[in-house]
Amino acid sequence: DTAVSQTPKYLVTQMGNDKSIKCEQNLGHDTMYWYKQDSKKFLKIMFSYNNKELIINETVPNRFSPKSPDKAHLNLHINSLELGDSAVYFCASSQGSGGVGETQYFGPGTRLLVL
Amino acid sequence: RKEVEQDPGPFNVPEGATVAFNCTYSNSASQSFFWYRQDCRKEPKLLMSVYSSGNEDGRFTAQLNRASQYISLLIRDSKLSDSATYLCVVNTDYGGSQGNLIFGKGTKLSVKP
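Going down the list, the protein sequences come from chains C and B. Here the first sequence stands for residues 1 to 115, numbered as in my numbering. Here the second sequence stands for residues 116 to 228, numbered as in my numbering.
Possibly wrong hints are sitting among the right ones.
[Claimed, not checked] Short, incomplete list of chain B residues facing chain C, as computed with Cβ under 8 angstroms: (1) Ser143; (2) Ser147; (3) Glu158; (4) Pro159; (5) Lys160; (6) Met163; (7) Ser167; (8) Leu216; (9) Phe218; (10) Lys220; (11) Gly221.
I should point out that these hints are in silico values taken from the structure, not numbers from a laboratory. A quick note: this is a predicted structure, and the numbers were derived from the prediction, not measured. Glycine included, each C-beta is placed from N, C-alpha and C at the ideal position.
Please take these sequences and the hints and turn them into a complete structure.
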C-alpha cells in the first residue's frame with residue numbers, strides 16, 4: 001500500500017503544452033504539499049493545502065494551479081509549459097494543519113521533462 | 116545568505132568510519148529541525164528530528180545549537196546502505212500555526228567497501 005502516490009511517474013512533453021500531475025494520500029492526513037526539485041537538487045515548496053484550502057503559495061508562476069477536490073487529493077496543473085519547468089515534482093502530506101514539527105511524507109516524485 | 120546551508124560533499128568514507136555533517140540556518144525564529152535522507156532518484160524520507168538536547172537513534176546522533184544556528188548529524192560505523200544524500204531541514208513559522216519546511220541542498224555520502 002503506497003501511502004502517498006503520484007501519477008505519472010515520468011512525463012515528457014513539448015513546450016507550450018498543458019499537463020497535470022495527480023497526487024493521492026491514503027494516510028488520512030489533513031495537509032498536502034507540492035515541492036519542486038530542480039536539476040541542482042534543490043527542493044523547494046510550491047504550495048500547501050489544509051483540508052482543501054490553500055495555506056502556502058510560494059512565489060510560483062500562475063501557470064501552476066493546484067486543485068484539491070478532497071483532502072486526500074492534491075493535483076497540480078501546469079499551463080504553457082516552459083523548459084525551466086523541467087524538474088522532479090514531489091507531493092507530500094502531513095497529519096495536522098501543517099504546523100511546525102510535523103513530519104511530512106513524500107510521494108515517489110514525478111519527473112517532468114519539457115522539450 | 117541561503118536559508119539552510121550544507122556542505123554538498125561528496126563525503127567518501129570506508130565502511131565502519133564515523134562521519135559528521137554540518138548545517139547552518141539563517142532564520143533565528145526557526146522552530147523545528149530535521150534530517151531527511153534521499154536516495155538517488157527517490158523521495159526524501161525523514162531520518163530523525165533534531166532536539167535541543169541532542170538525540171540519538173542507533174548509529175545516528177543529531178545535535179542542535181540554537182545560539183550558533185547550527186545542526187549536525189553524526190553517523191557511526193558507516194554501512195554501505197548509508198550511502199545517500201542527507202538533507203538538513205528547518206521548519207519556520209509561515210504565519211499562524213503553519214510551518215514551512217526549508218530544505219538544504221543536501222550532503223552526499225558515499226560509503227565504500
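Okay, the hints, checked on the actual structure:
| no. | hint | result |
| --- | --- | --- |
| 1 | Ser143 | 14 angstroms, violated |
| 2 | Ser147 | 4 angstroms, holds |
| 3 | Glu158 | 4 angstroms, holds |
| 4 | Pro159 | 5 angstroms, holds |
| 5 | Lys160 | 7 angstroms, holds |
| 6 | Met163 | 10 angstroms, violated |
| 7 | Ser167 | 13 angstroms, violated |
| 8 | Leu216 | 6 angstroms, holds |
| 9 | Phe218 | 4 angstroms, holds |
| 10 | Lys220 | 5 angstroms, holds |
| 11 | Gly221 | 6 angstroms, holds |
In summary, the structure is inconsistent with hints 1, 6, 7 from the numbered list given earlier, while agreeing with the others.
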